[in-house]
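Visitor: Below, each chain spelled out in residue letters.
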Amino acid sequence: MKRYSAFAVAREALSYHTGWGRAWRAPEPKPRYDVIIVGAGGHGLATAYYLGKNFGITNVAVLEKGWLGGGNTGRNTTIIRSNYLQDPSAAIYEKSRALYENLSQDLNYNVMFSPRGVIMLAQTEHEVRGYRRTAHANALQGVTTEWISPARVKELVPIINLDGPRYPVLGGLWQARGGTARHDAVAWGYARACSAMGMDIIQQCEVTGVRREGGKVMGVDTTRGAIDCDKLGIVVAGHSGVLADMAGFRLPIESVALQALVSEPIKPCMDVVVMANTVHGYMSQSDKGEMVIGGGADGYNNYTQRGSFHHVEETVRALIETFPMISRLKMLRQWGGIVDMTGDRSPILSKTPVEGVFINCGWGTGGFKAIPGSGWGMAELIAKGHSPLTDAFSLDRFKEGRFIDESVAAGVAH
Amino acid sequence: MSTRIANQGRLIDRSKPVRFTFNGKSLQGYAGDTLASALLANDQMLVGRSFKYHRPRGIVASGAEEPNALVGLGQGETFEPNQRATTTELFDGLTAQSQNHWPSLEFDIGAVNSAFARFLPGGFYYKTFIHPRAFWKHVYEPFIRQSAGLGKAPKDRDADTYEHFYVFADLVVIGGGVAGLQAAKAAGETGARVLLIEQTAHWGGRAPVDGGEIDGMAPEDWIAQTLDALRAMPNVTLRARCMGSGVYDHGYVLGYERLTDHAPETAGPRHRLWRIRAGQVITATGAIERPLSFAGNDVPGVMLASAMRDYAVNYGVAPGRRVIVVTNNDDAYRTAIALKRAGIDVLRVLDARTSGGGALMEEAKAQGIRIDCGRAIAKVTGGKRVAKVAICAQEGQGAALEEVACDAVAMSGGWSPVVHLWSHCGGKLIWDDAWAMFRPDPARAPTGADGRPFVTAAGAANGELTLGATLADADAAGKAAAKSAGFKPRRIRTPQGSVTDEAPLVPVWLMPRAAKVELRAKAWLDYQNDVKVSDVQLAAREGYESVEHTKRYTTLGMATDQGKLSNINGLATLSEALGEAIPQVGTTTFRPPYTPISFGAIAGEARGAVFQPLRRTPIHDWHEAHGATWEPVGQWRRPYTYPQNGETPHDAVMREVRNTRQAVGMLDASTLGKILVRGPDAGRFLDLLYTNMMSTLKPGKCRYGLMCSENGFLMDDGVVARIDEETFLCHTTTGGAEHIHAHMEEWLQTEWWDWQVYTANVTEQYAQIAVVGPKARAVLEKLGGMDVSKETLPFMAWADGTLGGIGVRLYRISFSGELSYEIAVRAGQGRALWDRLTQAGAEFGMMPYGTEALHIMRAEKGFIMIGDETDGTVIPQDLGLGWAISKKKEDYLGKRAQQRSHMTDPTRWKLVGLETLDGGVLPDGAYAVAEGTNANGQRNVQGRVTSTYQSPTLGRGIAMGLVLHGPDRMGEVLEFPGTDGKISKARIVDPVFYDKDGEKQNV
Amino acid sequence: MLILTCPYCGVDAEETELAPGGEAHLKRFGPGASDEEFRDYLFARENPKGVHFERWRHAHGCGKWFHAARCTMTLEVFGTYPAQTTKPPKAIREAITAKRPGWTWREFE
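Chains as they are written, first to last, in the working numbering: chain A, 1439 to 1852; chain B, 6 to 1008; chain C, 368 to 476.
In short, the hints are calculated from the structure, not lab data.
Computed from a predicted model, the values in this text were never measured in an experiment.
Hints may be right or wrong, so weigh each one.
[As the list claims (entries may be wrong)] Far from chain B, by Cβ distances over 10 angstroms, these chain A residues were calculated:
hint: 1; residue: P1467
hint: 2; residue: D1472
hint: 3; residue: G1490
hint: 4; residue: A1664
hint: 5; residue: M1684
hint: 6; residue: G1734
hint: 7; residue: T1790
hint: 8; residue: E1793
hint: 9; residue: G1823
[What the hints assert, rightly or not] Distance condition first, Cα-Cα at most 27 angstroms in a straight line; then the derived DSS-like pairs of lysine-lysine:
hint: 10; chain 1: B; residue 1: K892; chain 2: C; residue 2: K394
hint: 11; chain 1: A; residue 1: K1592; chain 2: B; residue 2: K142
hint: 12; chain 1: C; residue 1: K466; chain 2: B; residue 2: K900
hint: 13; chain 1: B; residue 1: K915; chain 2: A; residue 2: K1837
hint: 14; chain 1: C; residue 1: K454; chain 2: C; residue 2: K416
hint: 15; chain 1: C; residue 1: K416; chain 2: B; residue 2: K433
hint: 16; chain 1: B; residue 1: K393; chain 2: B; residue 2: K521
hint: 17; chain 1: C; residue 1: K431; chain 2: C; residue 2: K454
hint: 18; chain 1: B; residue 1: K488; chain 2: C; residue 2: K431
hint: 19; chain 1: B; residue 1: K433; chain 2: A; residue 2: K1503
hint: 20; chain 1: A; residue 1: K1440; chain 2: B; residue 2: K142
hint: 21; chain 1: A; residue 1: K1837; chain 2: B; residue 2: K493
hint: 22; chain 1: B; residue 1: K493; chain 2: C; residue 2: K466
hint: 23; chain 1: A; residue 1: K1705; chain 2: B; residue 2: K30
hint: 24; chain 1: B; residue 1: K521; chain 2: A; residue 2: K1440
hint: 25; chain 1: A; residue 1: K1468; chain 2: A; residue 2: K1822
hint: 26; chain 1: A; residue 1: K1491; chain 2: A; residue 2: K1440
hint: 27; chain 1: B; residue 1: K894; chain 2: B; residue 2: K703
hint: 28; chain 1: B; residue 1: K892; chain 2: B; residue 2: K1001
No residue lacks a Cβ here, since even glycine has one placed at the ideal position from N, Cα and C.
Sequences are here, hints too, so could you generate the full structure?
Guide: Next comes the structure, spelled out in structure tokens:
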């Protein structure tokens, strides 16, 4: 495989780029793998990548029923931050954020991680106190955040309106090394790197059954035949319930629609990511110039990838209050994804009742930012049976009453 | 040369000249022009720059599909970027600026990208800009962001207003061309309520330009006659300038009406968003012509053949004087004929089909137009405008047979039905080989709440491209949809449209078929985003085989036109590269809106002060008049404090606390939730709802209660008063009233539905005023009317009576530790009571206090506050509230949850008081650290601050917190690092700082 | 944007009038239940692709809770019925069978 660089692009330009080969191979499935990962989204591919990179396990297949990166990886608003309150969350998201810092170099694929900074606005006294608490927690967790004044918010976001008649901006929690990345590139970069390690990424291959013997996994049935494996990682987000059902266990997961939208592209006017949780809106500007806006999640089970328009109305209304200049911009496109919500809105990275089957799901509205950290922890969990990054996120917690609740700091898990 | 033609232009009024400016240059058009037609009339071929390479861009289309002619309109608070010139109606004083160039449209530094285009193929940025790491944020990204982005960002607050409409219709017809008109008529005649919306200002769509006859009439006459018929039907509503923006589940349709964009001086809202609930939807949205992929097809002056015809017929504009037409189908001959009639030189028709076209070709021939069959364009050359065309054989690599100088090229690659609205809600498509297009698959229509189809495509949008077929299809669609909506179609004759004998189209996805790579790298698919045939081929070669991969890798179809011109051509290019049939490669999903709609319209009226409802207590105006600073609590506003004579808020709070503790204070407590629970089973119900026993409470008495979620966590608290044997009044927190009431109803309706209990949220029916402090009784006695003595009304009792002549319910409850009365009064008399209390209290030094003084006083007393000591993860047992948990009850909501292993874990953090060693105030939200770090390298912690205040009563900082084994560690000192690096030290103490024995409240 | 018919007041209610309430026909487990029973009662949720029974409240209307039988793939509504029941009424189950033969949901079919 050709290494990517400006020199390589210049060299290939001489032949009008007809010399580039495939970014990842399109192999036929082998009869057996050490590990099968179901789901070639960001989390699944990252899991495979770190299995190879950190543990030397490369006899791995990643099975994908559609096209790689075609689920929530390519449908989210690409926000990366780690300013979480609870220790287990801060640990995995900060690991992830730190990995994003060098991901382009690590993968030799530009994922355009842009540490432009993330502000979470405080617009009520309650939120002020919640974010001050988070700032204290972050300092002890090794997450660099800072409580900032309204004046500093205005300096960072000149287009913001601090004095909204209903919810004036009282300050913000600022994470300078949070930011965004190019979502598709994350999936593509991991896929290319996995393929280069000899792993098989098999698209258009739907798992139709999980074969077990004596409480242990033996392999999977797929639309491209049966494949044996020692270990099975299920990383399929909104479809987790269906796969768990095949493996014979239930999950505390419900799948709902979450929406996002973008404006037409305009010249740069906002250099940071702004999240306003009181009014339920968050916005950043992509490198193309589009204002990327996250909307609310529906409260009912839905697999249509279409949400209800009133969420879009509410979000846009809130953002016009916060950024009055966007009123004359136009919505270019809205879309929906299926997000998997757990009982405490925190993810599940866990062993399951079936020996050899591991599950990674429940990222809800905030999975993109966690991709590298989730893959890192999940790979360790699969390879070694436990990982400090994932231990707190086990399925047991729902029985024990040991929840990881991030909504407590008035923040919502986006 | 692009100019106005004499004696043409059915939509313009030459007697009404209109002045406008483009890039500061003053120009003239006519009433009825679009900005695009007026620019062309002024020979303004160059209108913008492309996204990536900053290539010169001219107008390509005449409608919503235009990818190039995007301008900034207006100035200051009415400035709007990325407005389409082709859908902008010209008005006097319009100012437009072209976009994405520096320093000027004619000379753009960014165009250097174009010279390096070969080094910047699709997806090049994924392969480059990787090293050094810091360069992405500081060098590469700022450069990329600056050169992308199209229009400028508005700077000012929007001066315009917007509104929402709500409409119900049996049938919505989207599109006012002949198909939409006929479908609306057929449906309207059944008596169904029909709403017909059209995105432009004109009815009839393309028919008047394309010609033919309907029922022996010119299309224009038929349109006028049909409009008259529709307007005469009381059950039919017509709306022009109203685009069908999106079709959503269960028949929800969004209409986007542009009310004043064409006449900004008009009063009223600028846009109106129609939220329509439709029984049935007909999409009569027409079809869009496709470009042809040949080298140089992006040079200004290369235009869709239908658009060139539109400009000539509708606006009397000739985009060129010497035109070459290139096509793979018969429709482009209409353009050749129309141009010829308008006196324009049509140099050639290059028909890629070896055997040419049908009747229209013969007609063109008869007009003396030269037609070359089996020919193609090898390459168009020209910088900012077409200069010449190299002609080659379609079946070849592009060796030029001749070169012809010209100034415009009209191209037609066939037509694609506008299937967007059909697809928004799940409608599927089938590939039509004959016309080489996707059309709606009637067997897989979007389905509604009842599982039946609710969208019907009609006319060209349904793939019926000829006039006769369009009308017949629309008529059938109108009748069928009305029938589905429950109406009986009437047997009315279908209008007959003329039929032209057309030769079949031959798909041409690359021109010439075997074009060399140098040509493919100049053959544009997406004009705005600069995606060429070679880019899609590169994506396929690199394994981005799914159409979604290709689209995202190359950015094909992701520009502001959302691929209206490029999608099918890109898909076909991909399918050829993969060697698969087009329907196997698939199609991308169409997302709303059809064309971009303003955020202002989406938000509607709710902005500024009416952004969200504001809840006001009966005493709100008094607070406002007395300088209260506000704290939003839910949708309420509560006074935070009342600064006097230039006090800081902090000083005001300190004064309020001292005054209340030393004399008397009053608080507007009206926002506290008040829920009436009544019925024979009310006591039993409240026993399950609260952790403590409520059924044993005696009428006339009050009891403090805790409410947990079924998951065990403390969710609300408040005082319950028993009114009589069957009636309880439950107080909740301000923020909790609505959801606690809903919580009660949920359990009553869905679990214990056979119990006889009735609940009512009476929060807003009562005003409530707390009179607090050692002199509280004296104030009430001054008002007079009822016995407020300790004997008659002891602590935790209540009584009905009158005070100052006003009927009240008086509670002896206290959240401050002082002698305290809470007076409930009918809301309408809340202000009167407040005023009388203020008067009566004056001599006792009574002052109002706000929420912050309230918080400090409760913290001095060690009372918990929902939202401070609780955060959704705390159980009553954590807070030393075991006394409020009944041991006798078998069950209450949360009881089973609190028995789980993590809830009974002795290492759960417990509530304590915290006293700083230096008397200062602990930082809000600080954590107490322990030795060492955890497995993830995070500092170990052993507690946290939940509330922290400066206590004016104690003259020092006080705090409450949750600490590991806290109650067993009295006197121990903990360290709380601040975010500023300073460490505060605090001693663990009892959480009750003030009046530990409760002597003051019990007097 | 769903429309559900409130079985109490008969109104075809817009989604914005309604509050969703999750899975229907849950059996409450209280003190005395095992850890597993209690966990499943609170957290294990049906999450089918297809027929689903769920709770709604006509929150900005008559205030009543009701149940809806709905398809999560097409959003088709098979029927709504009052919440005061422990299983879907026969008429609703038959209506579903007519459209989705062979459906099952928990112990119902």
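Visitor: Each hint should be assessed against the structure and marked as holding or not.
Guide: Evaluation of the provided hints:
{"no.": "1", "hint": "P1467", "verdict": "17 angstroms, holds"}
{"no.": "2", "hint": "D1472", "verdict": "24 angstroms, holds"}
{"no.": "3", "hint": "G1490", "verdict": "19 angstroms, holds"}
{"no.": "4", "hint": "A1664", "verdict": "25 angstroms, holds"}
{"no.": "5", "hint": "M1684", "verdict": "25 angstroms, holds"}
{"no.": "6", "hint": "G1734", "verdict": "14 angstroms, holds"}
{"no.": "7", "hint": "T1790", "verdict": "20 angstroms, holds"}
{"no.": "8", "hint": "E1793", "verdict": "24 angstroms, holds"}
{"no.": "9", "hint": "G1823", "verdict": "15 angstroms, holds"}
{"no.": "10", "hint": "B:K892 to C:K394", "verdict": "25 angstroms, holds"}
{"no.": "11", "hint": "A:K1592 to B:K142", "verdict": "21 angstroms, holds"}
{"no.": "12", "hint": "C:K466 to B:K900", "verdict": "43 angstroms, violated"}
{"no.": "13", "hint": "B:K915 to A:K1837", "verdict": "22 angstroms, holds"}
{"no.": "14", "hint": "C:K454 to C:K416", "verdict": "20 angstroms, holds"}
{"no.": "15", "hint": "C:K416 to B:K433", "verdict": "20 angstroms, holds"}
{"no.": "16", "hint": "B:K393 to B:K521", "verdict": "20 angstroms, holds"}
{"no.": "17", "hint": "C:K431 to C:K454", "verdict": "18 angstroms, holds"}
{"no.": "18", "hint": "B:K488 to C:K431", "verdict": "34 angstroms, violated"}
{"no.": "19", "hint": "B:K433 to A:K1503", "verdict": "20 angstroms, holds"}
{"no.": "20", "hint": "A:K1440 to B:K142", "verdict": "25 angstroms, holds"}
{"no.": "21", "hint": "A:K1837 to B:K493", "verdict": "59 angstroms, violated"}
{"no.": "22", "hint": "B:K493 to C:K466", "verdict": "26 angstroms, holds"}
{"no.": "23", "hint": "A:K1705 to B:K30", "verdict": "23 angstroms, holds"}
{"no.": "24", "hint": "B:K521 to A:K1440", "verdict": "25 angstroms, holds"}
{"no.": "25", "hint": "A:K1468 to A:K1822", "verdict": "24 angstroms, holds"}
{"no.": "26", "hint": "A:K1491 to A:K1440", "verdict": "19 angstroms, holds"}
{"no.": "27", "hint": "B:K894 to B:K703", "verdict": "18 angstroms, holds"}
{"no.": "28", "hint": "B:K892 to B:K1001", "verdict": "25 angstroms, holds"}
Violated hints, in rising order: 12, 18 and 21; the structure is consistent with all others.
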